[in-house]
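**Student:** Going down the list, the sequences are from chains A and B. Last residue of the first sequence: number 113 in our numbering, and the count goes up by one each step with no gaps. Last residue of the second sequence: number 230 in our numbering, and the count goes up by one each step with no gaps.
These are computed hints drawn from the structure, not numbers from a lab. Heads up, the beta-carbon is just placed ideally off N, CA and C, and yes, glycines get one too. There may be inaccurate statements among the hints.
Over 10 angstroms on every C-beta distance to chain A, these chain B residues come out as not near it, computed from the model [unchecked claim]:
(1) K127
(2) R131
(3) Q133
(4) R138
(5) F149
(6) A169
(7) F182
(8) E184
(9) S189
(10) P223
Computed footprint of chain B on chain A; a stretch qualifies when at least three of its residues, placed anywhere within it, have a C-beta under 8 angstroms from a C-beta of chain B [stated by the list, open to error]:
(11) 45-51
(12) 60-71
(13) 91-102
Residue strings, one per chain:
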Amino acid sequence: DQQVKQNSPSLSVQEGRISILNCDYTNSMFDYFLWYKKYPAEGPTFLISISSIKDKNEDGRFTVFLNKSAKHLSLHIVPSQPGDSAVYFCAFLSGNTPLVFGKGTRLSVIA
Amino acid sequence: GAGVSQSPRYKVAKRGQDVALRCDPISGHVSLFWYQQALGQGPEFLTYFQNEAQLDKSGLPSDRFFAERPEGSVSTLKIQRTQQEDSAVYLCASSSPREQETQYFGPGTRLLVL
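Isolated chain A, as found in the complex (with noise of 0.2 angstroms):
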């Protein structure tokens, strides 16, 4: 019973341009959102997050997007750097419960 579909593996975009990553869940419950960027053979790193009362949030070049009623969670980067190549994971919390993840989506910014 998946509660989280990340179901892109993997993205390519050319450096300048935007990435846009995406996440699909099924629990109604989830509240709060996030977004972590992680890098080889380190662990995930905070990036960005939003709660169920917004529909955006964003800082710098990073914008997440949340559509409750598609049960929705975009993360949009603009415009796109060599340095964001990581592999990104949309996060979910519902009240006590501990934080769920996506599979992960692998971003290649090509220059």
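Mind docking chain B on chain A? Use the hints.
**Tutor:** Showing chain B alone in chain A's frame:
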């Protein structure tokens, strides 16, 4: 310390051997989490501590897995009689009372059971 640290970074164990993985959370973080990340998957929750109390161990896959945090800071995840399916990266994360939703991860311990 500046961030969450974990040791060892890499561990090779023979099947049946016991292993102990250590996590040093960020100073002042009362919440501590352990996750298991298999190849090609996202991290999966194992267990959670608030200070020294283990509040949730629902993710531990078997009774061979045991975690402790006796003084509310450093935590140890112990795996007894390791099996090949235990091979994974074990991640530790901590969070502060003021920012409970955001967990900060260590670099992980990569365990390979032969």
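**Student:** Does each hint hold? Answer for all of them.
**Tutor:** Here is how each hint holds up against the structure:
With a cut of 10 angstroms on Cβ distances, K127(B) stays outside the contact zone with chain A, its closest approach being about 14 angstroms. For R131(B), the shortest C-beta to C-beta distance to chain A comes to about 25 angstroms, beyond the 10 angstroms cut-off, and the non-interface label holds. Even its closest Cβ contact with chain A, about 23 angstroms, leaves Q133(B) beyond 10 angstroms, as expected for a residue assigned away from the interface. Against chain A, the non-interface label of R138(B) holds: every CB pair exceeds 10 angstroms, the least being about 14 angstroms.
Taking the minimum C-beta to C-beta distance to chain A, about 7 angstroms, the non-interface status of F149(B) is violated against the 10 angstroms cut. For A169(B), the shortest C-beta to C-beta distance to chain A comes to about 13 angstroms, beyond the 10 angstroms cut-off, and the non-interface label holds. Every beta carbon of chain A lies more than 10 angstroms from that of F182(B), the smallest distance being close to 18 angstroms; the non-interface claim holds. Residue placement check: E184(B) keeps its beta carbon more than 10 angstroms from all beta carbons of chain A (closest about 18 angstroms).
No Cβ of chain A comes within 10 angstroms of the Cβ of S189(B); the nearest lies about 18 angstroms off, and the non-interface call holds. Not every C-beta of chain A lies more than 10 angstroms from that of P223(B), the closest at about 5 angstroms, which undercuts listing it as non-interface. Here the stretch 45-51 of chain A counts 5 residues with a CB under 8 angstroms from a CB of chain B, which clears the bar of 3, and the coverage holds. Using a Cβ-Cβ cut-off of 8 angstroms, 0 residues of the stretch 60-71 of chain A lie near chain B, which falls short of the minimum of three, so the contact claim is violated.
Residue count for the stretch 91-102 of chain A with a Cβ under 8 angstroms from a Cβ of chain B: 6. That meets the three needed, and the coverage hint holds.
The structure is inconsistent with the numbered hints 5, 10 and 12, although it conforms to all the rest.
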